[in-house]
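Colleague: The primary structure of each chain is shown beneath.
There are 2 protein chains.
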Amino acid sequence: MKNNIAVIGLGSMGYGIASSCLRSGHLVWGLDTNIDQVTKFCKLGGQNSSLNTVINDIDVVLVVVLNSTQTETVLFGEEGVVKKLRSGSVVISCATVAPNFAKDMEKRCKEFGVLYLDAPISGGSVKAANGQLSIMASGTKEAFEAASAALKSISETVFELGDEAGAGSSMKAVNQLLAGVHIAVMAEALTFGISQGISPEKFIETISKCAGTSWMLENRAPHIADGDYEPRSSINIWPKDLGIVLDVAKDAKFNAPITKVALDQFSAAVDMGLGFEDDAAVAKVYAKSAKISLPQKT
Amino acid sequence: MKNNIAVIGLGSMGYGIASSCLRSGHLVWGLDTNIDQVTKFCKLGGQNSSLNTVINDIDVVLVVVLNSTQTETVLFGEEGVVKKLRSGSVVISCATVAPNFAKDMEKRCKEFGVLYLDAPISGGSVKAANGQLSIMASGTKEAFEAASAALKSISETVFELGDEAGAGSSMKAVNQLLAGVHIAVMAEALTFGISQGISPEKFIETISKCAGTSWMLENRAPHIADGDYEPRSSINIWPKDLGIVLDVAKDAKFNAPITKVALDQFSAAVDMGLGFEDDAAVAKVYAKSAKISLPQKT
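Protein sequence lines, in the order shown, are assigned to chains Y and E.
Okay, so the first sequence: first residue is 1 according to the numbering used here, each after it adds one.
Okay, so the second sequence: first residue is 1 according to the numbering used here, each after it adds one.
Derived from the structure by calculation, the hints contain no laboratory data.
The C-beta atom is built at its ideal place from N, Cα and C for all residues, glycine as well.
Among the hints, a few may not be true.
Here are the in silico distance ranges between beta carbons for each label pair [as the list claims (entries may be wrong)]:
| # | chain 1 | residue 1 | chain 2 | residue 2 | range |
| --- | --- | --- | --- | --- | --- |
| 1 | Y | A252 | E | K240 | 26 to 34 Å |
| 2 | Y | G273 | E | N130 | 47 to 55 Å |
| 3 | Y | K291 | E | N130 | 28 to 36 Å |
Cut-off 30 Å, straight-line C-alpha distance, at most; resulting in silico cross-link-like pairs (DSS-like, lysine-lysine) [to be verified]:
| # | chain 1 | residue 1 | chain 2 | residue 2 |
| --- | --- | --- | --- | --- |
| 4 | Y | K202 | E | K141 |
| 5 | Y | K288 | E | K250 |
| 6 | E | K250 | E | K107 |
| 7 | E | K291 | E | K240 |
| 8 | Y | K240 | E | K291 |
| 9 | Y | K84 | Y | K40 |
| 10 | Y | K110 | Y | K250 |
| 11 | E | K107 | Y | K253 |
| 12 | Y | K202 | E | K110 |
| 13 | E | K209 | E | K250 |
| 14 | E | K209 | Y | K141 |
| 15 | E | K141 | Y | K253 |
| 16 | E | K240 | Y | K202 |
| 17 | Y | K202 | E | K103 |
| 18 | Y | K141 | Y | K84 |
Examples of chain Y residues lying across from chain E (beta carbon under 10 Å, computed) [unchecked claim]:
| # | residue |
| --- | --- |
| 19 | A167 |
| 20 | H182 |
| 21 | C210 |
Given the sequences, and given the hints that come with them, work out the whole structure.
Modeller: See below:
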């Protein structure tokens, strides 16, 4: 089924998602505060007309912004879309947010007859561009149905985690806890290895075949070996996402000491001015403290 | 080439290693303070004669004990084998030890004309039994040559990490840092998930296909889902191995805060009387603190 889809947020994830929707033959409106991204997307095949003029014909709104504040603004701010959408259309919300925020958005959408899918994404910008994301989704049966064509265009796997918003965001929080800690401890182990005379190449070659490996280690350690900190996913993501994890944990009176220490490492990286570098740059926190040298880009 | 091999230590790893040597057609003497294990191994095909009566014909001594103290005792204690071994025989030392300890053992073996391979192992008891271990090895060319037939019998992969003892143990320390943290943070994430209504089964099904996965998560999380804490590898390993990591780090003025917090979780598990349970039982530390229930064995 072909849908009329609005993608709000054309960053590294949103642009790939919007492009994947185009490839599936949907009509796609791309929106972003960065006009260059919008223009680029129109050239790729995105619709030129103003979203407001077609808002009654929109089936799906994919919200691919950074956080809960931006999500709330695009949905319910002064220019928010929800109040304009036709009844039965669906919002697919992809940002990492607290489960209670997702529940609140679902409730407020319902007041306008708009369906809501709590649908955080995992997989990075390359998988976004290839329509191969993993989606941790929860929402009503109606929301899943209304979202199904769009989900099919952008994802390889949709985990159906429950019949109301919140469950998707809870699972995303669990995933981010692990992913963030795995990046930070990869940096801890790799730089510890350097202090013992083990080169990053030897580290990757050996550990990726041993019990100490992780998805993040295999994905991010090569960035350090190459001295390449072009942001595929930036340091700034982690104080935000691990902060959400710790807020949710605190509400549940759950103590997450490893997460807290990993967050401290990313915060130290931000303090060093590395916020916009690739998240593998957390290794620089360890290198500075131990006075060891990391590989430079050749 | 068939060797005469002594395997000292017939615990869960050593017994598998000795059995793998038997399957390759070597003559194998199994030694352990636990006579039941020795008897069992003789029934499997191990040699009955006293090691002392054949010590001149021994080519390889595989030391598969728990730690550096036991390693030093079997090599250089009152009944230590090194002084009795013929010149040109090789000690393959498999325990997780500090790199400097391995260097010292190599030096002391050399005084007796005995070769030494620093050869910590990774892979667990099933891979030990199947002759499929990963070995992080370093030592002289002569030591590698003398050890080659035995290594072939017990391992799938031998990482050759350098021409002197120490490098193997350094890489093992790096691997243990990661493996230990990954177990502890898996427990942190899985129990955090329970606090948010995510069952261990749903956790495993979803996260093992997402960016938050790790080798240890996929291997250990099912123990928690099954409520099965029969020790495949026990809690007690980790205060020891992460303690070695932190000692080595301290010597190198390297700060490893995530490792330290993970060690704290395993120490808390020991304090709860869980030292001899499977290391996945570190989840019980989190469950107790957050007052949540873990699955029981059915």
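Colleague: So, for every hint listed, does it hold in this structure?
Modeller: Going down the list of hints, with the structure as the test:
1. Y:A252 with E:K240: 26 to 34 Å: holds, 33 Å
2. Y:G273 with E:N130: 47 to 55 Å: holds, 50 Å
3. Y:K291 with E:N130: 28 to 36 Å: violated, 43 Å
4. Y:K202 with E:K141: holds, 19 Å
5. Y:K288 with E:K250: Roughly 16 Å between the alpha carbons, so the hint for K288 (chain Y) and K250 (chain E) holds.
6. E:K250 with E:K107: holds, 24 Å
7. E:K291 with E:K240: holds, 28 Å
8. Y:K240 with E:K291: The given pair, whose Cα atoms are some 27 Å apart, holds under the 30 Å limit.
9. Y:K84 with Y:K40: holds, 26 Å
10. Y:K110 with Y:K250: holds, 29 Å
11. E:K107 with Y:K253: violated, 53 Å
12. Y:K202 with E:K110: Holds. K202 (chain Y) to K110 (chain E) sits at ~27 Å (cutoff 30 Å).
13. E:K209 with E:K250: violated, 36 Å
14. E:K209 with Y:K141: Distance ~24 Å between K209 (chain E) and K141 (chain Y) Cα, so the pair holds.
15. E:K141 with Y:K253: Violated: K141 (chain E) and K253 (chain Y) sit about 56 Å apart, past 30 Å.
16. E:K240 with Y:K202: It holds: about 25 Å lies between the C-alpha atoms, which stays within 30 Å.
17. Y:K202 with E:K103: Holds. K202 (chain Y) to K103 (chain E) sits at ~20 Å (cutoff 30 Å).
18. Y:K141 with Y:K84: Measuring from Cα to Cα gives roughly 23 Å; hence the hint holds.
19. A167: holds, 7 Å
20. H182: The hint holds - H182 (chain Y) has a Cβ within 10 Å of chain E, the shortest such distance being about 6 Å.
21. C210: Hint on C210 (chain Y): holds, closest Cβ of chain E at ~5 Å, below 10 Å.
Hints 3, 11, 13, 15 from the list above are not met by this structure, while the remaining hints are.
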